[in-house]
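**Student:** Listed below are the residues making up each chain.
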Amino acid sequence: MANTILSSGVRNNLLTLQKTAAEQSVLQNRLATGKKVNSAIDNPVNYFTALSLNDRSSQLTGLLDGMSNGIQTIQAASKGIDSITKLVSSMQSTIKQAQADAAQNRPTATGTALATAAEKIATSKSLKDIVLDKGLSGGVDTVNNTTGAAAPDTIADDASATATRSGNLGIVTGGGTTVKVAAISIKAGSNTYEASFDATNMTVRDLVNEVNKSGIATAFVDEKGQFNVKGTGSETLQFGFGTADAATSAAADITTAKTAALADSKDADATGDNNLALGLTADSYTVGTVAQNVTSAVRSNLIQQFNDLRTQIDELAKDSGFNGVNLLAGDQVSLVFNEKTGTNQSKMTIQGSSLTAENLGISQAVNAQGITGTFNFQNDLDLEKATESLTGAMTSLKSLASTFGSQLSVAQTRQDFTKEMANTLTIGADNLVLADSNEEGAKLLSLNTRQQLSQTALSLASQADQSVLRLFG
Amino acid sequence: MALKVELKPRERIIIGQVVIRNDEQRTRFFIEGEAPILREKDILTAASADTPAKKIYLAVQLMYLTQDPTNQHETFFELVRDFLAAAPSSLPHVHEINNRILSGDLYKALKAAKKLIAYEAELIEHAKRV
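Same order as they appear, the protein sequences are chains A and B.
If you read the first sequence in this note's numbering, its first letter stands for residue 1, the second for the next number, and so on.
If you read the second sequence in this note's numbering, its first letter stands for residue 1001, the second for the next number, and so on.
Mixed in with the good hints, there may be bad ones.
[Unchecked claim] Facing chain B, a subset of chain A residues (Cβ under 10 Å, in silico):
| id | residue |
| --- | --- |
| 1 | V45 |
| 2 | Y47 |
| 3 | S334 |
| 4 | N344 |
| 5 | K398 |
| 6 | D430 |
| 7 | G441 |
| 8 | L445 |
| 9 | Q451 |
| 10 | L453 |
| 11 | S454 |
| 12 | A461 |
| 13 | L469 |
Honestly, the hints are just simulated from the structure, not real lab data.
These figures come from a predicted structure and were not determined experimentally.
We put the beta carbon where it would ideally sit given N, CA and C, even for glycine.
Given the sequences, and given the hints that come with them, work out the whole structure.
**Tutor:** As structure tokens, then:
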């Protein structure tokens, strides 16, 4: 078939028809989609920009999910720490309750009676008061009561109390200018106390006061007239009383005598002016008095409470995770803020720490001494240690909570910003395909007029004027 | 690594929270440390921010000077939204500014905002001609 040759007129008509048909289909397309730019052919630059920006927006939205997970993880850990802090608080009050109940097992060294019934009749005072008023030393013995000669004998005169004299414990002072010096040594566990003093006019009451100054033991005279020393804790109590003579009342001699008296208080000699004078045993320092094996029922009950709370700390820490990540079990959470890689990636990594009662320094509570790594509730010293470690635990928890708190606020700020940005990109990308650059300049001019009266612009200007820019006038 | 600054006579510069004004001679000094630094030619005051793009620059400038991207948060986004509604073709520029702020690079964000001012001037020029 021969080619059909078209005349120019027909060809023109044909071209016009084809063009019209093409335009029609474009218009129909536009009407259907509402967009001016539907494919790369319409306006390639805008189309591809819009496409890539929409992509970016969806990438950012993907990041938002990860950020939200990270934030939930931090919040779970924060709540865990709050609950654990409350538990530690409860444990502190348990310890206080235990401390309020006096320890039953404090060691007491009791001496023999230092006053007799005869003295009681003679003075009409109670045995206790007689003993308290007795002097430690009998002064210088100048007459031998047995022979009448002028010589000191081994027992001081006038030791027994009568209506006119208070008597003494029979510790003799040497003749002439010598001065009697006494000393006490007390040891309880790792605490020691030593004191030495001029015993010339000291009474038993003065000695009781000296012992009470130590803080690690208390002394008292009971109704039977016995001298007692009781430890303030439950450690084995070592109490020693010693004496020595100073040749004169000169300071140097007194000092020498004090040293000798201290040494005397720590040895176990069986004769003379030491523990035995008080009615105590000779080895009351060298061996000491052991705590009795009595337990307080109140304290025993509190032990169970304490240990239960302690176990709960571990359980709570284990339960503070989100989505399998637990910052209180030492896990790490990583929040990625942008979708770049390598050095351009912006992310925040939060390292958790393993939180257990053991790691916080809180040991188990027990009923008996000697097991390392535990608190013996029956022993006041151990209760002190427990209080200290609970205070330390509170400090650690507070600092951990504050770290998580500040990291959480950074993460939340970034999350807000990213949401806004993704939103802006989406709206912008949509608008791009409706763009008409001819209108834009005009629109900007009208926006400018609007902004001159807008609240936003005014507030921005006032912020600027308050910053360092005000100096720039 | 120190930044070298050369000031002409009577030129001003903002460093941190202070304005330093040079005396009658050319000066040169080195700055080390973390404070924001703005030369006189880069500084915009509230009085001279009289177009939408300049207001955006002002907001970013405040972020840079206080080293805090959350400063002026809502104001910034309102300005950006209005700007984009008026001139959607500026999206790539706005996008660049946002990116820089998100990465914490406030000085580069400022530079990008400067480009936006130039672009705005172009559009308005175009409109005036047409």
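**Student:** Each hint should be assessed against the structure and marked as holding or not.
**Tutor:** Outcome of the hint check:
The restraint placing V45/A at the interface with chain B holds, with a minimum CB-CB distance near 9 Å, inside the 10 Å limit. Hint status for Y47/A: violated, given a least beta-carbon distance of 13 Å to chain B, over 10 Å. Taking 10 Å as the C-beta contact cut-off toward chain B, the hint placing S334/A at the interface is violated, the least distance being around 17 Å. For N344/A, the shortest C-beta to C-beta distance to chain B is roughly 8 Å, which falls under 10 Å, so the interface hint holds.
With a cut of 10 Å, the hint placing K398/A at the interface with chain B is violated, because the nearest CB-to-CB distance is about 26 Å. For D430/A, the suggested interface contact is upheld, since its CB lies about 8 Å from the closest CB of chain B, less than 10 Å. With 10 Å as the threshold, the beta carbon of G441/A comes within range of chain B, its nearest partner Cβ sitting at about 2 Å, so the hint holds. At its closest, the beta carbon of L445/A sits 6 Å from a beta carbon of chain B; the interface hint therefore holds under the 10 Å criterion.
Satisfaction of the interface hint for Q451/A is found here, the shortest Cβ-Cβ separation to chain B being roughly 6 Å, below the 10 Å cut-off. Interface restraint check for L453/A: the shortest CB-CB distance to chain B comes to about 13 Å, outside 10 Å, so the restraint is violated. With a cut of 10 Å, the hint placing S454/A at the interface with chain B holds, because the nearest CB-to-CB distance is about 9 Å. Hint status for A461/A relative to chain B: holds, with the closest Cβ pair at about 4 Å, below 10 Å.
Given hint, L469/A at the interface with chain B, holds; its Cβ is 6 Å from that chain's nearest Cβ, closer than 10 Å.
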